[in-house]
Amino acid sequence: MALLNRLSLINYFKKGSAPSEKHFADLIESTVNIVDDGISREGENGFRITPVGRSNRLISFYKNFKQLKPEWSFNLDKDGVNGLIIQQEENEPVLVLKNDGNVGIGIENPKSKLDVDGFVTAKGRSGSYLNGQVAGDGRWHAVIENLTEPSAFELMVRVDGARGSGRYALAHVIALNTFGGKTTTDGISKTSVQYGSYFNRLKFRWSGSLYNYSLEVKTARHYGLDPKTGEPFSIRFSVTNILPF
12 MALLNRLSLI
22 NYFKKGSAPS
32 EKHFADLIES
42 TVNIVDDGIS
52 REGENGFRIT
62 PVGRSNRLIS
72 FYKNFKQLKP
82 EWSFNLDKDG
92 VNGLIIQQEE
102 NEPVLVLKND
112 GNVGIGIENP
122 KSKLDVDGFV
132 TAKGRSGSYL
142 NGQVAGDGRW
152 HAVIENLTEP
162 SAFELMVRVD
172 GARGSGRYAL
182 AHVIALNTFG
192 GKTTTDGISK
202 TSVQYGSYFN
212 RLKFRWSGSL
222 YNYSLEVKTA
232 RHYGLDPKTG
242 EPFSIRFSVT
252 NILPF
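Counting from 12, one number per residue, gives the positions in the sequence shown under my numbering.
Everything labelled a hint here was simulated from the structure, so no lab data went into it.
All figures in this text were calculated on a predicted structure; none of them were measured in a lab.
It is possible that some hints are incorrect.
Claimed, not checked - Simulated crosslink set (DSS-like; lysine-lysine; CA at most 27 Å straight-line):
id : residue 1 : residue 2
1  : LYS109    : LYS77
2  : LYS124    : LYS89
3  : LYS214    : LYS229
4  : LYS109    : LYS80
5  : LYS214    : LYS193
6  : LYS89     : LYS122
7  : LYS74     : LYS89
8  : LYS33     : LYS77
9  : LYS229    : LYS239
10 : LYS109    : LYS89
Model the full structure from these sequences, guided by the hints.
The following block contains the structure:
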């Protein structure tokens, strides 16, 4: 069927014209049919699109009608992957949203919540496994507790004293442990810096029992009391779990 614009169809049915069977067929073919085309609009679900026939393609995007192959396409459940696949024609998928919640960028079958086949560029990075704060009062405080199996964590830790006190410290920590609690004397790799006195530094250790252990942090000295709260200045931390299996 030739592609016809609205004006051509209108001319078929102007007063005094005699529309033929072909004209009615052109009119019908120019409209959307819910059953044949798999497209409808529903009050509860909004715009509804289903693949036609054996195809898994939902939408194709072209620069113009003369183009034979689409620039982009949205596909559903393609090549054994259950989910929504966005790709350029004949190229690897750009974005895959699987039914199990995994998301892939540049990869066909993502194996984790976000699976990227390529370099990732970001302005910053922050761990979300655990975020919190403990007192910078020179005593040991648990950062991660109740660990019962081998673990591996990355931490960024910061403590600031009163303004003008000259008490500041930062630490980047990789903490590894199997079992052992307080009997473990290694497995903590720390890159740290403190301003001023050596006693402004941050310290870390493992504590607890063989099968229930914790990672602890302390300041080497009491950082003083925050005049706003009357409590010790806080050690702030963010933790990333880096053991995926």
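Hint-by-hint comparison with the structure:
1. LYS109 x LYS77: 33 Å, violated
2. LYS124 x LYS89: The hint holds at about 19 Å.
3. LYS214 x LYS229: 5 Å, holds
4. LYS109 x LYS80: OK: LYS109 and LYS80 at ~25 Å, within 27 Å.
5. LYS214 x LYS193: 14 Å, holds
6. LYS89 x LYS122: 16 Å, holds
7. LYS74 x LYS89: 24 Å, holds
8. LYS33 x LYS77: Within the cut-off at roughly 24 Å; holds.
9. LYS229 x LYS239: 22 Å, holds
10. LYS109 x LYS89: 11 Å, holds
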